[in-house]
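**Student:** Chain order of the listed sequences is A and B. Be aware that the first sequence starts at 1182, since it is given in our numbering, and climbs by one per residue. Be aware that the second sequence starts at 51, since it is given in our numbering, and climbs by one per residue.
Be aware that a few hints might be false.
[Claimed, not checked] For each label pair, taking beta carbons as the anchor points, the in silico distance ranges come out as:
# : chain 1 : residue 1 : chain 2 : residue 2 : range
1 : A       : C1392     : B       : R235      : 57 to 67 Å
2 : A       : E1401     : B       : T77       : 33 to 43 Å
3 : B       : I94       : A       : T1190     : 43 to 53 Å
4 : B       : R235      : A       : T1190     : 53 to 63 Å
5 : B       : R319      : A       : E1401     : 50 to 60 Å
6 : B       : G239      : A       : E1419     : 41 to 51 Å
7 : A       : R1300     : B       : L500      : 43 to 53 Å
8 : A       : E1401     : B       : P74       : 33 to 43 Å
Rather than coming from a laboratory, the hints here were simulated on the basis of the structure. The beta-carbon is built from N, C-alpha and C at its ideal position, and this holds for glycine as well.
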Amino acid sequence: MHIAIRSLTKSFGRSLALDDVTLNIEPGRIVAVLGGNGAGKTTLLRCLAGVAAPDRGEVLYDGEPFRRDRVDLRQRLFLVPDFPFVYSEMQVLRHVGMVLRLYGADEPGVEERVVELLRDFDMLPLAEAAFGTLSRGQRYKGALSALLAADPEIWMFDEPFASGMDPRGLNAFRRHVSDATARGRTVIFTTQILELAERFADEVCILHHGCVHACGSLAELRTRSDTNTEGVLNEIFEQLHESQP
Amino acid sequence: MTGTTFKIDRALRRAVRATIAESPQLTLDYQREKRARRLSIWEIFYYSLAVGIGGPLVFVMIPLVLIACVEDGRGADGVLAAAAVVSTAASLACAQLLVMRLRSGKAISVLSHLPARDSQIAGQIRLEPAAWSIVVLYFSVFAYGYLAWKNQFGPGGWSLVAGLAVGQWLTSLATGAILGVFLPRFPFGMTILVAAVVGVIYAQAGAPHIADVLFAQYFVLPAGWMNAVLGLAFLKNIQGAWCGAAVGTACIAGLFVAMRHLALSYTIREVHFPPDTEATATLAPPFHEARPGTGIRGFFRSSREAMAAVDEAQLTPEQAERQILTGAFLEPTVWSRFQWQERIVDRLLTDRERAILELLAANRPRWSESWWTLAFGGAILTLISGVLVAPVGKLTLVYFAAVCGSFLLFGGGRWRGFRTQDCAGALIPYFAVLPIGFDEISRLLLKVGLVRAACVFVLVLLFAVCGFRGQIVDPLVAVIVCAAFASLLVILQGWIIIFYLSLGMRFPDVRLRTLAWHAAPIVLIVVSTFIGFPMLVAGFALPAGAGVSFAAAGLLVLALCSWGGWQLLRTMYLRGLVDLVRNKRSSWEEFLQRYDMAEQRRCRTEKLRRKYGWFWWLRRPYEMSRAAGHADDEPA
């Protein structure tokens, strides 16, 4: 699904979180959203998911304007916050079932996919455990399994690499994301780990004080900043810091 | 400790400001952030209005009117008895708060990580209940001041009244502290509830032996000891009543003993951080409640650790795989035959609505359970009214049952999906991140509300007819009252939907451009509060003919306001004028969270009961020690 963000502006009181953000994201891409604390990364994801309503501008999915009441469009995307939304008393499997039904993805054959996901994330033995008894990383993996099983067209993650998942879980996550983009899914994630973004993402979008400072593939960014080595993102951030008035 | 904190805070502020002042860039950033936090002119106007008009109205006029009414009906003894009851209830509530805060809360989680002694932590924690106890001083000043004004006291009398008000406050504080420190397992909540029920019964005209009851407060309640000085010694010239002041002073001395005992005995052994609940401490006796023979609240709370052992039961991968492949997890919840209300609702829902219900109610609606609670409570009330206070009018009791019913109706089902969760520095409701529409939520809540209103109607009707049988009021009146009550519940569904949805919403800032959006709900609230509800109340109070017309008109006004409010929120939601992101929890949500914690304790107890049967609590010491890692304590 093609994503077009047009002049998106969002403020909280007198503080401007997003300032005239315009972006185009092609399907099948992995996009890393980078920026300092308070740059507007999470707000951008929230606007894309319909959680926050923009003051100005719009989001178009496949050319269709996105509004919060477009449940059909919302069923084609998901957002995993840094602390996933799960009930502590609910069992992992029950949560997976509920999410699949809400996404209308409870078609026959989904059971095998759920088994595969839970196995990949080492969650099979904990399938009947309540979320409240799990560690932070296990909770994240349980919630992630549910949404990955639903398999919508746009996947959005807020700081997935700081979610408490173990190395095996992170590897499984990377593998599923790669497979998903091969199937035409779009993956957008925020992170503060520049090396990881450089290695994992197809495109990078750097936000600074709510504005898009730089956006494009790594090759494009390297060309723009005349750097052919790795660490281009680090260099951009250093320049950004130094260029502050 | 507070003084030290304040000093450190002030020193830090000075240091930070000095650093900021050195750098122009930091100064600019600091000023920008400061501007972002500043209140808008409309907010200043709104708060000034609320404080200037609402404050005096609520905190001065209403207590004065109530005291005047009590004095008119029951005399000075009645006013003092009311003050004593309020003080006693406040003492119990403060004691309960003290015990709760000593066991769990944010203060424990923060302070236990700091290099502070347990006695210092206790000293910090006790400040909150002490601050709340100021309520007693407030009520005492009103009650005593009213009597002083009514009896035209001179300067000496006014000085005595001021001293007595302070004495009353300190006595109340001391009572709460003594109970909290020396009897931490005292059933405070239950006592307040019993006092409320008894109060309702005795507040009615014609209650038997009311004069004796009012007189007894001077001896029975600690808060009555100070009252005795004013009510008996000063107003009735009974010199022996000055002893009340001596007893009260002795009680106040007990406050210092209690505080010293608290400082010496309060020991935190471990702090747990259970998910979704506040941090809880394992304490040394007498504050640690997980010991045999601790009362019903202890059973509920202490089962937390024991449940961890029950929940941690793991499947083998093969078992889990077999289980998943059956596809049972994709099926909607099957309600048991005891959950009859859930089953009725289930029949009215589509498959998608069932999934939404599962999300919004966290799969634990507990409507039938609430209904049974109401049935049980109502039966006891009817029994009390029939056996103990036969001549007392029944209408108040029916209203009381109806009010309880409404509370259960609104609170009995845990709509957890509307609550917020902390997420990247903001609070977002659970339902926000999943694809659910406003209309879908409204439709579901309406269906549930209608079924529950019908069920409550049947119950209240039953009580009303039983209560009115053979009494001076026509049973038909009872039926009409109940029907009006049920209609009100249906009508208020719009407000209920607004209430739940707005728990996690952030509304637009007040600007001239968006002023219309803000004016509309204010108009609706004002119309419904000042026109609809008074008309409805007048309908109940007036004779049959005019009463029905007034009640019907009131219901119509409320229905229009309810629908208008819902429509307004819907428009704001769909047009993107509201965010599903908040910076701070609403006070309503904070209140509901307390209810949530109690509910969670109940769930854990129920799980234990399911595992071990009705005598699960016999195994509790073993479960506790197992959870603490002492498996060899298993009973034979």
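**Student:** If any of the earlier hints don't hold here, list their numbers in rising order.
**Tutor:** 3, 6
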